[in-house]
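Undergrad: We have chain V already, so just place chain C on it with the hints.
The listed protein sequences derive, respectively, from chains V and C. Going by our numbering, 187 is the number at position 187 of the first sequence; the sequence numbering is gapless. Going by our numbering, 933 is the number at position 511 of the second sequence; the sequence numbering is gapless.
No lab work stands behind these hints: they were computed from the structure. Keep in mind that the hints are not guaranteed to be accurate.
Dumping the calculated DMTMM-like pairs for lysine to aspartate or glutamate here, alpha-carbon to alpha-carbon at most 20 Å [claimed, not checked]:
| # | chain 1 | residue 1 | chain 2 | residue 2 |
| --- | --- | --- | --- | --- |
| 1 | C | Lys424 | V | Glu66 |
| 2 | C | Lys688 | C | Glu823 |
| 3 | V | Lys308 | C | Asp870 |
Here are the in silico distance ranges between beta carbons for each label pair [stated by the list, open to error]:
| # | chain 1 | residue 1 | chain 2 | residue 2 | range |
| --- | --- | --- | --- | --- | --- |
| 4 | C | Gln493 | V | Leu321 | 13 to 23 Å |
| 5 | C | Gln464 | V | Pro70 | 51 to 61 Å |
| 6 | V | Pro363 | C | Ser750 | 28 to 38 Å |
| 7 | V | Pro116 | C | Ser939 | 48 to 58 Å |
| 8 | V | Pro363 | C | Gln464 | 49 to 59 Å |
| 9 | C | His613 | V | Leu321 | 30 to 40 Å |
| 10 | V | Ala280 | C | Glu440 | 49 to 59 Å |
| 11 | V | Gly63 | C | Gln830 | 39 to 49 Å |
| 12 | C | Asp870 | V | Pro116 | 35 to 45 Å |
Using N, Cα and C, we set each Cβ at its ideal position, and we do this for glycine too.
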Amino acid sequence: MNDLATLKSDMEGCSRCSHCKWVPMAQIKSWRFAKICPSVDRYNFHAYSGGGKLIASNSILEGRSEVTDPVMEIVYRCQLCGACQVSCQAYRDDIDLADVLLALRAKCVTEGYVLPEHLLMIESMKKEDNTLGLLKADRGVWAKDLDLIDINTQKVEVLFHAGCRYSYDEDLRSSVRNWVRLFRNAGVDLGAAGPEESCCGGRAFEMGYQGEMKNFAEDMIGRIKASGAKLLVTPCSDCYYTFKYLYPKNGMDAGLRVLHAVEYADLLIKQGRLKLGKCASLRVTYHDPCHLGRRGEIYKMGWNGVNKLHRPVRFKQMGNLGIFDPPRNVIRSIPGLDLVEMERIREYSWCCGAGGGVLEAFPDFADWTARDRIEEARAAGAEAIVTACPWCERVFKDAIAAGGDPMKVYDVIDLITMSWGG
Amino acid sequence: MKLLPKDVYRELADALGEENISQEPAVLDGYAWQPAMNLTNQKWIPRPAAVILPATTEEVQTIVRICNQRQVKFKAHSTGWAAWGGPSQEGELQIDLRRMNRILELDEKNKFAVVEPYVCCGQLQSEAMKKGLTCHIIGAGPNTSALASATSAWGYGGTGLSTGYSGRNVLGVEWVLPDGEVLQLGSPGSHAGWFSGDGPGPGLRGIMRGFSGTQGSLGVFTKCAVKLFPWYGPPQPRVEGILLDVETDVPETEKMFFVVAPSFKKYADISYEIGNAEIAYWFCRSPLNAGVDLFMPRAGDRLFESKPLRALLKAFQHLGVALLSSPSKREVEYQEKVLRKITVEHGCILLDLSKAPGYGFWWWLMGVRSIPTALTFRAGGDFLTSYGSPVEYDNAIRQAEVAQECKQKYIDQGYFKDDMSDIGWGGIYEGTANWGHCETAAMFDRRDGQAEGRFKYLEDSARTTIEHTLGLGLSNLPPGAWKVYGPQLHNYHLWEARIKKAFDPNSVGDEQWYVPSIDEIEPKESSSDEQ
Numbered sequence: 001m002n003d004l005a006t007l008k009s010d011m012e013g014c015s016r017c018s019h020c021k022w023v024p025m026a027q028i029k030s031w032r033f034a035k036i037c038p039s040v041d042r043y044n045f046h047a048y049s050g051g052g053k054l055i056a057s058n059s060i061l062e063g064r065s066e067v068t069d070p071v072m073e074i075v076y077r078c079q080l081c082g083a084c085q086v087s088c089q090a091y092r093d094d095i096d097l098a099d100v101l102l103a104l105r106a107k108c109v110t111e112g113y114v115l116p117e118h119l120l121m122i123e124s125m126k127k128e129d130n131t132l133g134l135l136k137a138d139r140g141v142w143a144k145d146l147d148l149i150d151i152n153t154q155k156v157e158v159l160f161h162a163g164c165r166y167s168y169d170e171d172l173r174s175s176v177r178n179w180v181r182l183f184r185n186a187g188v189d190l191g192a193a194g195p196e197e198s199c200c201g202g203r204a205f206e207m208g209y210q211g212e213m214k215n216f217a218e219d220m221i222g223r224i225k226a227s228g229a230k231l232l233v234t235p236c237s238d239c240y241y242t243f244k245y246l247y248p249k250n251g252m253d254a255g256l257r258v259l260h261a262v263e264y265a266d267l268l269i270k271q272g273r274l275k276l277g278k279c280a281s282l283r284v285t286y287h288d289p290c291h292l293g294r295r296g297e298i299y300k301m302g303w304n305g306v307n308k309l310h311r312p313v314r315f316k317q318m319g320n321l322g323i324f325d326p327p328r329n330v331i332r333s334i335p336g337l338d339l340v341e342m343e344r345i346r347e348y349s350w351c352c353g354a355g356g357g358v359l360e361a362f363p364d365f366a367d368w369t370a371r372d373r374i375e376e377a378r379a380a381g382a383e384a385i386v387t388a389c390p391w392c393e394r395v396f397k398d399a400i401a402a403g404g405d406p407m408k409v410y411d412v413i414d415l416i417t418m419s420w421g422g
Numbered sequence: 423m424k425l426l427p428k429d430v431y432r433e434l435a436d437a438l439g440e441e442n443i444s445q446e447p448a449v450l451d452g453y454a455w456q457p458a459m460n461l462t463n464q465k466w467i468p469r470p471a472a473v474i475l476p477a478t479t480e481e482v483q484t485i486v487r488i489c490n491q492r493q494v495k496f497k498a499h500s501t502g503w504a505a506w507g508g509p510s511q512e513g514e515l516q517i518d519l520r521r522m523n524r525i526l527e528l529d530e531k532n533k534f535a536v537v538e539p540y541v542c543c544g545q546l547q548s549e550a551m552k553k554g555l556t557c558h559i560i561g562a563g564p565n566t567s568a569l570a571s572a573t574s575a576w577g578y579g580g581t582g583l584s585t586g587y588s589g590r591n592v593l594g595v596e597w598v599l600p601d602g603e604v605l606q607l608g609s610p611g612s613h614a615g616w617f618s619g620d621g622p623g624p625g626l627r628g629i630m631r632g633f634s635g636t637q638g639s640l641g642v643f644t645k646c647a648v649k650l651f652p653w654y655g656p657p658q659p660r661v662e663g664i665l666l667d668v669e670t671d672v673p674e675t676e677k678m679f680f681v682v683a684p685s686f687k688k689y690a691d692i693s694y695e696i697g698n699a700e701i702a703y704w705f706c707r708s709p710l711n712a713g714v715d716l717f718m719p720r721a722g723d724r725l726f727e728s729k730p731l732r733a734l735l736k737a738f739q740h741l742g743v744a745l746l747s748s749p750s751k752r753e754v755e756y757q758e759k760v761l762r763k764i765t766v767e768h769g770c771i772l773l774d775l776s777k778a779p780g781y782g783f784w785w786w787l788m789g790v791r792s793i794p795t796a797l798t799f800r801a802g803g804d805f806l807t808s809y810g811s812p813v814e815y816d817n818a819i820r821q822a823e824v825a826q827e828c829k830q831k832y833i834d835q836g837y838f839k840d841d842m843s844d845i846g847w848g849g850i851y852e853g854t855a856n857w858g859h860c861e862t863a864a865m866f867d868r869r870d871g872q873a874e875g876r877f878k879y880l881e882d883s884a885r886t887t888i889e890h891t892l893g894l895g896l897s898n899l900p901p902g903a904w905k906v907y908g909p910q911l912h913n914y915h916l917w918e919a920r921i922k923k924a925f926d927p928n929s930v931g932d933e934q935w936y937v938p939s940i941d942e943i944e945p946k947e948s949s950s951d952e953q
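Bound conformation, chain V alone (with noise of 0.2 Å):
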């Protein structure tokens, strides 16, 4: 991963236009939704936005300012949700802005300028393999009477990897067993790790602890390895991310074919192998989860050139190519759903709120993102918003239920389950 101080061109590349803070152009429909980054809109100074951070990271890194606590609210209180890249890169082929919000906060960290309720879930990772301070005896408990192959002691096809989320959430519990019950239901045996299941490491990654990722890729590459899977199906658009992105951008091979289970379950839909039923009437809007769209997208390898200005498109991470269309796909293919579409969807869409450490160090900010996607949900004229990631199904369900919404929160699975009638 870069440290800062070679990223220090894409710094000086910020022409300050502003576009990191807006919705592509090509793309504003309105004025209430035609801003892209919940941090500048909620904190107002520049420096929280992409380009603000690249501006306050060159400043950092020349000496003319300190990391202080004020500046450590800057850092933190950003969802690394990526918006600020896709917008800058429309015109910019020479900036990686990612890039640097996270090589600033692994500078943070290396400095030691970290957040407690940080380091409350870097400690629970270490001690218990898992992001959310609970036991790792109990990370199987989701799956019990689901007789999935235990891939501890024997060789599978496919692997489920249900993610920490998924594996201690009782409120999205029925979310995970029914994506179990669905592949099953297609004819796909299934394995999983059970107990021995760990963290994919992306959080901690995100939160500036680079190091600490490594050691969970290499449990989670040698526990694949060992049970001769070829292809691993997540329910978790945070391991997702980790697994077709963050580790591969780290030199870590899986070695394997990695699936979003809306991807695998829109296949499964395309070959014949899964057949819904009919919904009640519903009208939807799907929100695109910004570890499955824009930074789902799988890391281009093949460019090691110096001068990003000669940088061919085809090696920018500009997030087009993250997973947009099968959750869609699968959404239509129900009937009785009528899907409509929020103003800012794919690699423009908002971020629900919870990335990055935000959910965590700052459940306000959190609770505010949520609600700006909830009224855009809204306004779309939608009765339920659907995604197909916990933590945004998370985040979401707290909003409403904190504020007394009438806006129904479903994940695809949820919509699939009822198509049979569950």
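TA: Okay, now just chain C, sitting in the frame of chain V:
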């Protein structure tokens, strides 16, 4: 690092709330990094002493009054792109207007909108379209403030043919003067609504912005009305993709063409004809070599190295993009016939873009949303602009010709990227008005240093502007350019300095991008008059 006196900071924080003011160095540096139009060898511009975020006109007044009482200079900006929006010296207060971000009124019948400073042109356009209207978007792009370009800056948008330029679009204005008083210009000054900039009510447009705007040196504009124009497309067009991947449906009442002229003179002639015929929504000069650099800069590098390919691109040097837009298919067919006739009569070539794949991309990004300027970053990472005097259009085109020669010398010395030099961009203003705009951008990588050479180019562009009597252009914008242009143009700087003194007696408005204090420059002029 110069900070505000503690008691001044406290007074401001008490007035606006702690969360809306900062003097944290890393936050302040967010306002000290302004590469665009930073024409020095310094990477950073002066760091402000504090930054403050007002949300209302009353809060702006409070800030400005405190600045007057405590002799603190201030500089306000809206969307905040380019060095003219930042402080010119340490110790200043940066007023960031981003919390003033509302569209207050959108008057469909009288075709205007009232906006606050942080409404960007893309937002305004998207809301106006829902009511069958659109707005002028300056060349800098839809990410910029509609209010700032109308009140404080000068800029041409590709729709100049039908919408005029930024200074022609401003109607009623609310202005916090440099002494803290609020003045409403035009019809709002007599409580008659926002429809007029010149009355009933005080009509001080000439003083407020004059020819090129004061770049935030003469108080703070907190609201303004801008003109809106008919939009014949759908209220919310279907647009997929974000840039080169954009796909959309072009209404059959819109058509787009490339018009290729054989020479500078012929290009000017055909532009006059199009203006006089009162057709087209957009007609703007955009040499093909410029398009190559914007849309495929790395391919451009290779193309420009090949003499035969340079020759081929040169054949499309005098290229203009025409967008015909009308309420009916029949009307657009009429406009097309007129355009074809004019083209033939002037020995030009007409290429119908509507037959080309990806046509929707050109229509939406260039013709409607005016996005291409930001693509200028792709070739070198940065750019500057020059010439661009609003003059009779054949003179504007002459600027492209002069600029081509002047810029080539600097390309040869490695100060600018090779873009075949002539990328003169602009068009006729307001149909039959027969005046127009043509500015020349130059692309470079600021990270390689060499600022002196680029500044020298701007000096050279100013010199050649005078030598060829091309008018007062964008080259006059850098601080101190009044020294060159003032004596040539009726000593306008002295008038400006007197206005500045009358409106800003305590000299708290940062004057760097406008004109120095009259006390500083008048004695020199008096002695030169005596000689």
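Undergrad: What hint numbers does the structure not satisfy?
TA: Checked against the structure, the hints that fail are numbers 4, 5, 6, 8, 9, while the rest are satisfied.
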